[in-house]
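A.B. asks: Each chain, letter by letter, is given below.
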Amino acid sequence: MTTDKTLSPQALRQRDQYRWSALGFIAPGVLVVAVLLYLPLLWTTFLSLTEYNGLGDPEWIGIANYVEMFDDPGFIGSVLNTLLWVGGTLLVPVGIGLGVALLTWNLKGGTWLRLPFLIPYALSGIGVGVIWSFILSGGGALDQALAAFGVDDTPRWLVDAPLNTVVMILATAWQGVGVNALLFTIGLQSIPREPLEAARMDGANGMRLFRSILWPMLRPLTAVVVGLSIVASLKTFDIVQGMTKGGPGRDSETLALTMYKETFVNSDYGLGSAIAVFLTVVTLIASILYLRQQLSSKHGV
Amino acid sequence: MSRVIRTAVLAVLGLFWLLPVYLLLVNAAKSPEAFTTKESWLPTDFSLFGNIAEAMRLSGLAESAASTLLYAVVSPAIAVLVGAAAGFAIVALRLKHGFAWFVAIFGGTVFPLQMILLPLFDAYSRTGLFDTQAGMIAVYTAISIPFSAFVMRNFFSGIAHNVFEAAVIDGASTWRIFARVYLPMASSALVAIFILQATFIWNDFLLGLVLSQSDTVRPIVTSLAGMQSTYGGAQMSTVLAGGLLVSLPTVVLFLFTQKFFARGLALGQY
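Line by line, the protein sequences are chains A and B.
461 is the number of the first residue of the first sequence in our numbering; add one for each residue after it.
103 is the number of the first residue of the second sequence in our numbering; add one for each residue after it.
One thing to keep in mind: the hints can contain errors.
[Stated by the list, open to error] For lysine-lysine, the following BS3-like pairs were computed, each having C-alpha atoms within a straight-line distance of at most 30 Å:
no., chain 1, residue 1, chain 2, residue 2
1, A, K695, A, K705
2, A, K705, B, K140
3, A, K695, A, K721
4, B, K361, A, K695
5, A, K705, A, K721
6, B, K140, A, K568
Hints were generated in silico from the structure; no laboratory data involved.
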């Protein structure tokens, strides 16, 4: 990052000359973000400390919403489901994505072989949910396929918990493998040739090549992919709302879904806001993992 | 591993990956009379276009499509320009405390949408912006700006400051330098951000769910979700056809602009 100290006196003069102009150029972005993102954020934080249902005025009740939140077994279940989402989406889509990237690396026709994995990527969460709800419905496409192999006693995929969360994670993996493979492929292609050639000359192959050369060189990228995956999975909403609506009961709720239900179904604005704040704090902590990478010094101003 | 084995493993896994797409296509093409929940794997007839037409009639998917196209074009277009202006102020004009301003804008993207939903709903209801196209465009623009500013700042950092100084010597105003020198140089990055954000907006469900309700304003994915819960039991093949219709634009856009996508993702992450 270039600080004031590294700018020449001439550059500093020039900067003063453009001060108002620069403020004019940055103002639209700052204003829009301040009004539509930061003000609501502050208001949600305030509401989390009040009792409010949209009528009348918010009434200050301190941390009572947070106490109620942690006392609620439904909320704890929701936290556990969200953790399952975080772990599951790290293990399956990121893992298979890395596998596909390694398999297609330097392979003739690799671009075409990656294509099937990329097709689902641009689908909406609801679109994925529509397809997979259909496949997983009782007696649906999956059960028919299993019956053809003689498996008749299948579980109720979207009803039995925690199986329903697991199959929704797999549906998300179906969508997410492609983009992870694409990112890892970009990473693999940026590895310089010389150390690879040298390692090959020394007879390194397969696992050894991966462990000693590829993995260390992919590590910065992996940190980003892992960070993105964690943050995205913490916010999981669309696919669960589309496939189970958090049910049966509250069995497959995630934090994002619990927040939505408390706020917009039960009109308990204070409690809903408290859950939003909790989710935000967790997300921020997870974000640090990849923000450190994103805001690293080499791209400073 | 030998190339043959690698190719074979990928081909088998790839075919497996395409099975849900096959099931979607086959069953979305079945007429409501031919469709049964017991025989999902075999095609029966081809009524895909009839089903799509029916899906567009039900749940107002056609009106949603028009509005969503508007959101997915206008909001990212504004956001890339606003983001580019912010990047220009920080990098080329060397705005004082530029990094702090940058963090302030970028910070708008790190927290979950849940944090702004309720106040937006409340404020939109009070100001008459609830269930309006203007309201949807405003919120989609706002959530697109941080990423856009982030990428554009990174991009402009790669341009030598001499370019700016040369333009100043030629007597150009800052606005002119921005519009005539910096924006054209950044066209590939601008397109990359635009495509990523347009896809994101087209696929949005949550903001549409909270901030709109009528068929003409509601975004298409939110309409699809409504259609799934209303008609999912009785007219499954129509719902699947609707899902196909909603998904096709972003899938096609993505497959044809993979390079831009990869570039946008790479610009955003390094």
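A.B. asks: With the threshold set at 30 Å, check whether the alpha-carbon distance from K705 of chain A to K721 of chain A stays at or below it.
C.D. replies: holds (10 Å)
A.B. asks: What's the verdict on K695 of chain A and K705 of chain A, does the C-alpha distance respect the 30 Å limit or exceed it?
C.D. replies: holds (15 Å)
A.B. asks: Quickly compare the C-alpha distance for K361 of chain B and K695 of chain A to 30 Å and report which way the hint goes.
C.D. replies: holds (27 Å)
A.B. asks: Taking 30 Å as the top limit, are the C-alpha atoms of K705 of chain A and K140 of chain B close enough?
C.D. replies: Holds - the C-alpha atoms of K140 of chain B and K705 of chain A are around 24 Å apart, at most 30 Å.
A.B. asks: Between K695 of chain A and K721 of chain A, is the straight-line Cα distance small enough, at 30 Å or below?
C.D. replies: Holds, because 14 Å separates the two Cα atoms, which is no more than 30 Å.
A.B. asks: Given the hinted pair K140 of chain B and K568 of chain A, is their Cα-Cα distance within 30 Å?
C.D. replies: violated (41 Å)
This entry does not satisfy hint 6, going by the numbered hints stated previously; all others are met.
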